[in-house]
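J.: Chain by chain, the residues run as shown.
Number of protein chains: 2
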Amino acid sequence: MLDWKPRRPDMLIDPFGLGKIVLDGLVFRQNFSIRSYEIGADRTASIETLMNHLQETALNHAKSVGLLGDGFGSSPEMSKRNLIWVVTRMQVLVDRYPMWGDDVQVYTWVSASAKIGMRRDWLVCDGKTGETLARASSVWVLMNKLTRRLSKIPEEVRGEIEPRFLNSDPVVDEDNRKLPKLDDNTADIVRGGLTPRWSDLDINQHVNNVKYIGWILESTPPPILESHELSSLTLEYRRECGRDSVLQSLTAVSGASIGNLGNAGDIECEHLLRLEKGAEIVRGRTEWRPKHAKDFGIVGHVPAEND
Amino acid sequence: MLDWKPRRPDMLIDPFGLGKIVLDGLVFRQNFSIRSYEIGADRTASIETLMNHLQETALNHAKSVGLLGDGFGSSPEMSKRNLIWVVTRMQVLVDRYPMWGDDVQVYTWVSASAKIGMRRDWLVCDGKTGETLARASSVWVLMNKLTRRLSKIPEEVRGEIEPRFLNSDPVVDEDNRKLPKLDDNTADIVRGGLTPRWSDLDINQHVNNVKYIGWILESTPPPILESHELSSLTLEYRRECGRDSVLQSLTAVSGASIGNLGNAGDIECEHLLRLEKGAEIVRGRTEWRPKHAKDFGIVGHVPAEND
Chain A
1 MLDWKPRRPD MLIDPFGLGK IVLDGLVFRQ NFSIRSYEIG ADRTASIETL
51 MNHLQETALN HAKSVGLLGD GFGSSPEMSK RNLIWVVTRM QVLVDRYPMW
101 GDDVQVYTWV SASAKIGMRR DWLVCDGKTG ETLARASSVW VLMNKLTRRL
151 SKIPEEVRGE IEPRFLNSDP VVDEDNRKLP KLDDNTADIV RGGLTPRWSD
201 LDINQHVNNV KYIGWILEST PPPILESHEL SSLTLEYRRE CGRDSVLQSL
251 TAVSGASIGN LGNAGDIECE HLLRLEKGAE IVRGRTEWRP KHAKDFGIVG
301 HVPAEND
Chain B
1 MLDWKPRRPD MLIDPFGLGK IVLDGLVFRQ NFSIRSYEIG ADRTASIETL
51 MNHLQETALN HAKSVGLLGD GFGSSPEMSK RNLIWVVTRM QVLVDRYPMW
101 GDDVQVYTWV SASAKIGMRR DWLVCDGKTG ETLARASSVW VLMNKLTRRL
151 SKIPEEVRGE IEPRFLNSDP VVDEDNRKLP KLDDNTADIV RGGLTPRWSD
201 LDINQHVNNV KYIGWILEST PPPILESHEL SSLTLEYRRE CGRDSVLQSL
251 TAVSGASIGN LGNAGDIECE HLLRLEKGAE IVRGRTEWRP KHAKDFGIVG
301 HVPAEND
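Going line by line, the protein sequences match chains A and B.
Quick note on numbering: UniProt numbering labels position 161 of the first sequence as 161, and the sequence is numbered without any gaps.
Quick note on numbering: UniProt numbering labels position 298 of the second sequence as 298, and the sequence is numbered without any gaps.
These are computed hints drawn from the structure, not numbers from a lab.
The structure displayed is predicted, hence computed values, not measured ones.
Note that beta-carbon positions come from the ideal geometry of N, C-alpha and C, so glycine has one too.
One should not assume that every hint holds.
Stated by the list, open to error - For the chain B half of the interface with chain A, some residues (derived, Cβ under 7 Å), not all of them: (1) N31; (2) S33; (3) Y37; (4) R197; (5) W198; (6) L201; (7) L225; (8) S227.
To be verified - Simulated crosslink set (DSSO-like; lysine-lysine; CA at most 30 Å straight-line): (9) A/K291 with B/K128; (10) A/K63 with B/K63; (11) B/K291 with A/K211; (12) A/K80 with A/K178; (13) A/K211 with B/K115; (14) B/K128 with B/K178; (15) B/K152 with B/K128; (16) A/K63 with B/K128; (17) A/K145 with A/K211; (18) A/K63 with A/K211; (19) A/K145 with B/K63; (20) A/K291 with B/K63; (21) B/K152 with A/K291; (22) A/K181 with A/K128; (23) A/K291 with B/K211; (24) B/K291 with A/K80; (25) A/K277 with A/K178; (26) B/K152 with B/K115; (27) A/K128 with B/K152; (28) B/K211 with B/K152; (29) A/K128 with A/K80.
Said to hold, decoys possible - Quick partial rundown of chain B residues pointing at chain A, CB under 8 Å, derived from the structure: (30) A41; (31) S46; (32) N52; (33) E56; (34) L59; (35) T147; (36) L217.
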């Protein structure tokens, strides 16, 4: 199922947790203990928690190599030019959500992405067994924080960041299916009047990327949230959202009848967050598997040690 | 300013961070490193973060002494009787908010509170200097989780918890001023239509205590949030709030003209969270001091080392 392989022999991350992990300085690791306030109604870490840990690890990676200028994740040459990194795409696959008290290890590294961007990947492992819990891949581009326009990577910035690039394939196969633009006719659920809370804002008074997940879940039918768990998430960030924005969250469900979601097998949803005035903020796709589906699998499985 | 003294000579917490800390087994300590996603627009930890750390430390304290039954914070004898702890009152005083990357140490202990309850106190210190960052005190009573009625402490439960009580004064002087019941006439700001997000729910599908702070801030005038920082918080929890509740947040400002909050000195607010149907959920009082007020003080102060 997991066919990702690093290309450099000196950097081996065994996705099945059986081998040893060798770091070559390009991969950064941070350990997290899952805290009580990071788990949800299921007693497992929420997707927001997972994405918070990805963000924290990425920032500490940048910090550890001195590429953290006057803002979050800005290099000195970027700061000079008022450039900041903005995420345009994020994909997360979750195999298993950790519980309160579990230790997880988050690995992250950056690679080139086409000519104008940077890819950042993450691998989340169980701290005890090494089992892969989640994988994520993201694409980042530069934006001028004054003009809010996207920018090519200036040579001086490239010089700072390129030595840090790991030559590797994405840890998640890119989901190339087009994300459709939902509207009132194609969506099954539309929830309006969503506004940022004060605590949703980052130091730039913009809504933090992770907070969008919460709004996407606002229009996800409750029977899905109750009976299923999120297994895959793809987000395309299109526009910033500030403190005075009023949003609508739209969701279309496929792969299951809207009247019988609780008993459905795998479910796929498409999402749109837009301003009430119309501009698109985020398009997304989520995939959901029935809760405990994996436990049922384990019940019928004879552990190898007992063979 | 801080006149709290522990009564037991074998348990010395020096509030000014100059002395050594001696634990006698009744005080539990947990260290936290402030993470990027725990800070707000000010680059400092938010009040929610601080309260999350208090909650986590309290739960791990209970866990470490084996008083964590089938739920959060329930002892075995409590679980037998379907009793759970519910918080009725919480007071927090914050001297300084830590920044991203700062290490904080949270100390917590429990004491008797009148005949029917338990008091839990916390002291939050800077991990490097030992400086007191915050102090908090809370009162808890038992509730039957089936009937949702409050209960006296059964003898068997008392037997479990009393050996853990520390005989000490509250770390925060109780604010005995009555919290008024605000209404549409006495409130300066009323914000309605507030609903729990899926991620606000705990494992009992109730809104976690900490989440109420976010709603209280929803009706706090933005000029206060921008120019002031929360220095003191008192909450009286009156009723639970479930996943389908729709709330209103009311705030009345005193100590400053509502038209000139940004330039005001210390400000005091009174708050009410209520169901749109009318029932009270939480009454509260917050105190705010101008941001950077302390920095100005430091500018005019010659450090002792240079004397």
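J.: Now tell me, hint by hint, if it's right for this structure.
T.: Against the structure, the hints come out as follows:
1. The beta carbon of B/N31 is not positioned within 7 Å of any beta carbon in chain A (closest approach about 11 Å), and the interface hint is therefore violated.
2. Violation of the interface hint for B/S33 is found here, the shortest Cβ-Cβ separation to chain A being roughly 10 Å, above the 7 Å cut-off.
3. Interface hint status for B/Y37: upheld, as the beta-carbon distance to the closest one in chain A is roughly 4 Å, under 7 Å.
4. For B/R197, the interface hint holds, since its Cβ comes within 7 Å of a Cβ in chain A; the closest pair sits about 5 Å apart.
5. At its closest, the beta carbon of B/W198 sits 5 Å from a beta carbon of chain A; the interface hint therefore holds under the 7 Å criterion.
6. Nearest Cβ of chain A to the Cβ of B/L201: about 5 Å, under the 7 Å cut. The hint holds.
7. A least Cβ separation of about 5 Å between B/L225 and chain A falls short of the 7 Å threshold, and the interface hint therefore holds.
8. Among the interface hints, the one on B/S227 is violated; its C-beta lies about 13 Å from the nearest C-beta in chain A, farther than the 7 Å criterion.
9. Of the pairs offered as hints, the one joining A/K291 and B/K128 is violated, with about 44 Å between alpha carbons and a cut-off of 30 Å exceeded.
10. The hinted pair formed by A/K63 and B/K63 fails the criterion: a straight-line CA distance of about 35 Å is larger than 30 Å.
11. For the suggested pair B/K291 and A/K211, the alpha carbons sit about 26 Å apart, so the restraint of at most 30 Å is met.
12. Distance check on the hinted pair: A/K80 and A/K178 sit about 36 Å apart at the alpha-carbon level, beyond 30 Å; violated.
13. With a C-alpha separation of about 43 Å, the suggested pair A/K211 and B/K115 falls outside the 30 Å cut-off, and the hint is violated.
14. Of the pairs offered as hints, the one joining B/K128 and B/K178 is violated, with about 38 Å between alpha carbons and a cut-off of 30 Å exceeded.
15. Only pairs whose Cα atoms come within 30 Å are accepted, and B/K152 paired with B/K128 is rejected, the gap being roughly 42 Å.
16. With a CA separation close to 20 Å, the supplied pair A/K63 and B/K128 stays within the 30 Å bound.
17. The hinted pair formed by A/K145 and A/K211 meets the criterion: a straight-line CA distance of about 20 Å does not exceed 30 Å.
18. Proximity of A/K63 to A/K211 is assessed by CA-CA distance (about 23 Å); at most 30 Å being required, the pair is judged to hold.
19. The suggested pairing of A/K145 with B/K63 is violated, with an alpha-carbon distance near 47 Å, which exceeds 30 Å.
20. Taking the CA atoms of A/K291 and B/K63, the gap is near 27 Å; set against the 30 Å cutoff, the hint holds.
21. Between B/K152 and A/K291 the CA atoms are separated by roughly 38 Å; this puts the pair beyond 30 Å, and the hint is violated.
22. Taking the CA atoms of A/K181 and A/K128, the gap is near 42 Å; set against the 30 Å cutoff, the hint is violated.
23. Between A/K291 and B/K211 the CA atoms are separated by roughly 26 Å; this keeps the pair inside 30 Å, and the hint holds.
24. Under the criterion of a C-alpha separation no larger than 30 Å, the hint pairing B/K291 with A/K80 is consistent with the structure, at around 28 Å.
25. For the proposed pair A/K277 and A/K178, the alpha carbon gap of about 24 Å is at most 30 Å, so the pair holds.
26. For the hint pairing B/K152 with B/K115, the CA-to-CA distance comes to about 8 Å; that is within 30 Å, so the pair holds.
27. Only pairs whose Cα atoms come within 30 Å are accepted, and A/K128 paired with B/K152 is rejected, the gap being roughly 42 Å.
28. Taking the CA atoms of B/K211 and B/K152, the gap is near 27 Å; set against the 30 Å cutoff, the hint holds.
29. Between A/K128 and A/K80, the direct Cα distance comes to roughly 43 Å. Violation of the 30 Å bound is thereby established for this hinted pair.
30. Restraint check, B/A41 versus chain A: the minimum CB separation of about 5 Å is within 8 Å; hint holds.
31. At a threshold of 8 Å, the smallest CB-CB gap from B/S46 to chain A is about 5 Å, leaving the interface hint in force.
32. Of the supplied interface hints, the one on B/N52 holds, with its beta-carbon coming within about 4 Å of a beta-carbon of chain A, less than 8 Å.
33. Given hint, B/E56 at the interface with chain A, holds; its Cβ is 5 Å from that chain's nearest Cβ, closer than 8 Å.
34. With 8 Å as the threshold, the beta carbon of B/L59 comes within range of chain A, its nearest partner Cβ sitting at about 5 Å, so the hint holds.
35. A hinted interface residue such as B/T147 counts as satisfied when its beta carbon comes closer than 8 Å to some beta carbon of chain A; here the least separation is about 22 Å, so the hint is violated.
36. Contact between B/L217 and chain A, as hinted, is supported at the beta carbon level, the nearest pair being about 5 Å apart and thus within 8 Å.
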